[in-house]
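So the protein lines, in turn, are chains X and F.
Just so you know, we're using the numbering used here here: the first sequence kicks off at 1 and counts up by one.
Just so you know, we're using the numbering used here here: the second sequence kicks off at 1 and counts up by one.
Calculated from the structure, these hints are not laboratory results.
Think of the CB as a built atom: it goes at the ideal place given N, C-alpha and C, for glycine as much as any other residue.
You may find that some hints are simply not true.
Short, incomplete list of chain X residues facing chain F, as computed with Cβ under 10 Å [claimed, not checked]:
1) A37
2) Q51
3) L55
4) L75
5) K96
6) G119
7) D142
8) F152
9) V168
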Amino acid sequence: MIAADLLVAQNVGFGIISLLMIVAALRVVTVNNVVHAALWLVVVLSGAAAQYLLLSAEFVAITQVLVYVGAVMVLFLFGTMLTRARIGAESDLNNKNWALGIPVALLMLGVMSYVIIDGFGSERLIENPGDMEPIPVQVISDDIFGPYLLPFWALSFVLLVAVIGAIVLARKD
Amino acid sequence: MLTTQFLLLGAVLFCIGVYGVLARKNAVMVLMSIELILNSVNINLLAFSVRHGSVDGNTFALYIIAIAAAEVGVGLAMVLLIYRNRRTIALDDLSEMKG
């Protein structure tokens, strides 16, 4: 599937990072310790940032590290420590019929893989990989504040509502 | 690089996230699995952004990151509220809506 002119170095990088991401994601959903799961999630999110760099999306990769690995992970650790008395391993993190999730996930994976491979096959992501250049932030901001200004306003409002809602919900009366 | 490899990586991460949402009982773990799902979508969006030579995929990925941050904030506030009222965040115990 991988021809000689398909940028071997990037393919090797992709393979290593995606293998790491998949193993870490499996650990997130199987490990018996909430703090360890959060730390494995850091590996997945950092790997995703590396994949964004491979896809020449520098600004999104930086935002991913700042927002996800920085802020969201701190929130998760706060949530873990505020809702649990102890930090050690727990045996009852799973549902009673957790095993039903395995066939569901495998079925979905099978259908999606079939559709993806059937639809795209061995199509190149970009005809000449040497043309892939980092997208300047200016272009992204022109896109955000041009055609996608209305979603941006809606998003600002969603964030405002989320901040107020979180304060109202978590406030001690 | 092929289009398929990025889409397949997204699909694998998405299915792992779905399994996590279905199998986990702890509310914080379910939120983490949702983060996995949102990230797999971002990988797909950026792959298609490169494929079509358009910057729109990057814009959508940034919007999804912002939405995910808001979702985690509200979600964890709700989890804290549930914990304060019941001293547990096991989703199995929250069955008042069951008919």
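| query | Which hint numbers does the structure go against, in order from smallest to largest? | reply | Hint check: nothing fails, all pass.
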